[in-house]
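Peer 1: The listed protein sequences derive, respectively, from chains A and B.
So the first sequence is numbered by the numbering used here: it starts at 41 and just counts up by one.
So the second sequence is numbered by the numbering used here: it starts at 585 and just counts up by one.
Quick caveat, the hints were computed from the structure, so don't treat them as lab data.
Treat the hints with care, as some may be off.
[Stated by the list, open to error] No more than 25 angstroms apart at the CA atoms, straight line, and that leaves these computed lysine-lysine pairs for BS3-like:
hint : chain 1 : residue 1 : chain 2 : residue 2
1    : A       : 215       : A       : 176
2    : B       : 625       : A       : 130
3    : A       : 111       : B       : 625
4    : B       : 653       : A       : 130
5    : B       : 726       : B       : 648
6    : B       : 648       : A       : 130
7    : A       : 224       : A       : 176
8    : A       : 124       : A       : 224
9    : B       : 625       : A       : 215
10   : A       : 124       : B       : 747
[Stated by the list, open to error] Residues on chain A that point at chain B, a partial pick, calculated with CB under 8 angstroms:
hint : residue
11   : 116
12   : 119
13   : 122
14   : 139
15   : 140
16   : 150
Beta carbons: idealized from backbone N, C-alpha and C, even for Gly.
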Amino acid sequence: MLRTITGLAVIIGILLLVLSVTAKNRPNTFEHSLDVQKESYSVEHEDFDRIIDVLTHQRCLNCHPSDNVPKQGDNAHPHYFGMKRGNNDKGFEATSCTTCHQSENNAYSGVPGAPHWSLAPASMGWEGLSRIEIAKKLLDKTSNGDRTHEELITHLTEDELVLWAWDPGVDANGKERTLPPVSKERFKEAVIRWFGNGAIIPSE
Amino acid sequence: MEISLKVNGELYPIEVDPETPLLWVIRDVLDLKGTKFGCGKAACGACTLLVDGNSVRSCSFAVKFAEGKEVTTIEGLGTKENPHPVQQAWIEEVVPQCGYCQPGFMMATVALLKNIPNPTDDDIDRNIINVCRCATYYRMRKAIHRASELSQQETDKRVENNKV
Ligand code: FES
Ligand code: FES
Numbered sequence: 041m042l043r044t045i046t047g048l049a050v051i052i053g054i055l056l057l058v059l060s061v062t063a064k065n066r067p068n069t070f071e072h073s074l075d076v077q078k079e080s081y082s083v084e085h086e087d088f089d090r091i092i093d094v095l096t097h098q099r100c101l102n103c104h105p106s107d108n109v110p111k112q113g114d115n116a117h118p119h120y121f122g123m124k125r126g127n128n129d130k131g132f133e134a135t136s137c138t139t140c141h142q143s144e145n146n147a148y149s150g151v152p153g154a155p156h157w158s159l160a161p162a163s164m165g166w167e168g169l170s171r172i173e174i175a176k177k178l179l180d181k182t183s184n185g186d187r188t189h190e191e192l193i194t195h196l197t198e199d200e201l202v203l204w205a206w207d208p209g210v211d212a213n214g215k216e217r218t219l220p221p222v223s224k225e226r227f228k229e230a231v232i233r234w235f236g237n238g239a240i241i242p243s244e
Numbered sequence: 585m586e587i588s589l590k591v592n593g594e595l596y597p598i599e600v601d602p603e604t605p606l607l608w609v610i611r612d613v614l615d616l617k618g619t620k621f622g623c624g625k626a627a628c629g630a631c632t633l634l635v636d637g638n639s640v641r642s643c644s645f646a647v648k649f650a651e652g653k654e655v656t657t658i659e660g661l662g663t664k665e666n667p668h669p670v671q672q673a674w675i676e677e678v679v680p681q682c683g684y685c686q687p688g689f690m691m692a693t694v695a696l697l698k699n700i701p702n703p704t705d706d707d708i709d710r711n712i713i714n715v716c717r718c719a720t721y722y723r724m725r726k727a728i729h730r731a732s733e734l735s736q737q738e739t740d741k742r743v744e745n746n747k748v
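Full structure from sequences and hints, please.
Peer 2: This is how it looks when you write it as structure tokens:
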């Protein structure tokens, strides 16, 4: 009998704990015009994880530096030739990103390219941040370029420079660049559903 | 595919695969050999030329992107009798050693002076990042400053002439 009561108490305790955590992490629900299904909390976490798995992949992270130096390759070495953020996130006055990077990948030289090739703004430096910190920066209008959730969805699912991550071409040795660990379709789906469910960041 | 290329003020209709690097077209189709092939990886700058006045590594620039734009190569800068200030400065400072990298450096310098007419050493370090295997960097720096002076003198002269 005593064992049953203790067991019940433990289950109720766990339930209360889960409920309180859930309540604490639920921000205002975002009303999105896209047709998204409201999913259970665990699926939202899965969406969050999928999104952050992509954002922390080197194809994305290399152009979100925290030290104004673009990075290259899967080992994230500093961009060769001393290239830095420079003016308007696009390099220096006469030697800018577009001196070498065009609006498409170049298969001859292995130089990557996509429309408006540039670094993410300094306020969106992700290098060295935790997954939670990256997500907070993404949602924070003071760092994300004053973007609403709707605009963030568009940016993440339609911007050609963002989507370049899944079409990164070959490197200088003709070797295919690695892709983010989640497919483009699954990423887009996760983005739309995560925002649709209120863009919940799991507790730290 | 036919592409209409304007190089050094002249129009050239050419039949070429639009993905062909501009450098190949310049050297092998138009036979303008001043622009050099160094690495083919946008790393050395030997192939630097101007597209609409901006410096571009032509080994990594598909010819289709040059359509409808003004391409300038080293041959289009000045003549022996009337050299461009950058060429004049290079002669005065006796910059080249083997010479292979020099056209690329000179074109990069033209672009630099267009954006920063009176560059500091820091401006030069940030923007002139080509590679010279003979290490003529010291003389090049002097020549860039000299080219800036000569360009300024030319501008002053033009302003003076316009007043008359
Ligand atoms: S040949 Fe184009 S940069 Fe080296
Ligand atoms: S002068 Fe020889 S490589 Fe520059």
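Peer 1: Checked against the structure, which of the hints given earlier come out wrong?
Peer 2: 1, 5, 8, 10, 11, 12
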